[in-house]
Amino acid sequence: ETGVTQSPTHLIKTRGQQVTLRCSSQSGHNTVSWYQQALGQGPQFIFQYYREEENGRGNFPPRFSGLQFPNYSSELNVNALELDDSALYLCASSLRTENTEAFFGQGTRLTVV
Amino acid sequence: EDQVTQSPEALRLQEGESSSLNCSYTVSGLRGLFWYRQDPGKGPEFLFTLYSAGEEKEKERLKATLTKKESFLHITAPKPEDSATYLCAVQARRSYQKVTFGTGTKLQVIP
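Quick mapping for you: the protein sequence lines, in order, are chains Y and F.
Take the first sequence: its position 61, counting from 1, is numbered 1020 in my numbering, and each next residue is one higher.
Take the second sequence: its position 38, counting from 1, is numbered 76 in my numbering, and each next residue is one higher.
If we strip away everything but chain Y, and leave its shape as in the complex, we get (with noise of 0.2 Å):
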């Protein structure tokens, strides 16, 4: 049973860029989650990917949009990045869309600079 792996770890780009991260879900597990978190804070809902579909979205401009493969994987995109968007990104995998016990990858560490 392999875990949910993310990447890559870290990550730094300039305003106005884009970029993409990528987050491999646990065995099985069929529904993903991304978040956002800022340094000393929570990690804040971004969206979820429910059978390839957006299945709940939180408080994110459409510059964050998502993909989810047949294999289950994920990729969260951001466009014309702003410093603010420097954060951990994290993506979590569970069986059930109602993230009853989701498991969480380690994280991208993004920089906008």
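If you're looking for bench data, these hints aren't it; they were derived computationally from the structure.
Yeah, the Cβ is synthetic: ideal placement off N, Cα and C, and Gly gets one too.
Mixed in with the good hints there might be a few duds.
Claimed, not checked - Chain F regions said to be covered by chain Y (calculated; three or more residues, Cβ under 8 Å): (1) 81-88; (2) 119-129; (3) 138-148.
What the hints assert, rightly or not - Chain F residues, not near chain Y, derived (Cβ > 12 Å throughout): (4) Gln44; (5) Glu53; (6) Ser56; (7) Ser57; (8) Gly70; (9) Gln76; (10) Thr105; (11) Glu108; (12) His112; (13) Ala115; (14) Ser133; (15) Gln135.
Could you slot chain F onto chain Y? The hints should help.
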């Protein structure tokens, strides 16, 4: 809007000194309350899910309880390896996909 407030922000305990962490929440129709542990530079690790007032769950030195307005995470005789940030989160019935987290309690257990 769902809200989660955790206290204290930081807690320093001697090894063996039991204590409790508090999580106060406001949510319209609670579906579930979660506790996670997060070590520095890592993703949160799932601990418990509680669904209804009066429910309790235990795991090793940790015990989580739930009332209609609060949840407590009791730590009995903590060890240095229990040092971490403990996060509380809630999920509403109307929007079960979304989990709202608090800012966490940073626990340090000194040998």
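Status of each hint after checking the structure:
Beta-carbon proximity to chain Y at under 8 Å applies to 5 residues in the stretch 81-88 of chain F; the threshold of 3 is reached and the given coverage holds. By the rule of at least three residues with a Cβ nearer than 8 Å to a Cβ of chain Y, the coverage given for the stretch 119-129 of chain F holds, with 3 such residues. Counting residues of the stretch 138-148 of chain F whose C-beta sits closer than 8 Å to any C-beta of chain Y gives 5, which meets the bar of three, so the coverage hint holds. For Gln44 (chain F), the requirement that its beta carbon stay farther than 12 Å from each beta carbon of chain Y is not met, with the minimum near 8 Å.
With a least CB separation of 26 Å from chain Y, Glu53 (chain F) remains clear of the 12 Å interface cut-off, as annotated. Non-interface status of Ser56 (chain F) relative to chain Y is upheld: no Cβ of that chain comes within 12 Å, the nearest being about 25 Å off. For Ser57 (chain F), the shortest C-beta to C-beta distance to chain Y comes to about 20 Å, beyond the 12 Å cut-off, and the non-interface label holds. Residue placement check: Gly70 (chain F) does not keep its beta carbon more than 12 Å from all beta carbons of chain Y (closest about 7 Å).
Under the 12 Å C-beta cut-off, the non-interface status given to Gln76 (chain F) relative to chain Y is violated; the minimum distance is some 8 Å. Under the 12 Å C-beta cut-off, the non-interface status given to Thr105 (chain F) relative to chain Y holds; the minimum distance is some 21 Å. In this structure Glu108 (chain F) is separated from chain Y by more than 12 Å, as the shortest Cβ-Cβ distance comes to about 17 Å. Against chain Y, the non-interface label of His112 (chain F) holds: every CB pair exceeds 12 Å, the least being about 21 Å.
With a closest Cβ-Cβ approach of about 26 Å to chain Y, Ala115 (chain F) is found to remain outside the 12 Å limit, as its non-interface label requires. Its closest Cβ contact with chain Y, about 7 Å, brings Ser133 (chain F) to no more than 12 Å, contrary to its assignment away from the interface. The Cβ of Gln135 (chain F) does not lie farther than 12 Å from every Cβ of chain Y; its closest approach is about 3 Å, which violates its non-interface assignment.
In this structure, the hints that do not hold are numbers 4, 8, 9, 14 and 15, in rising order.
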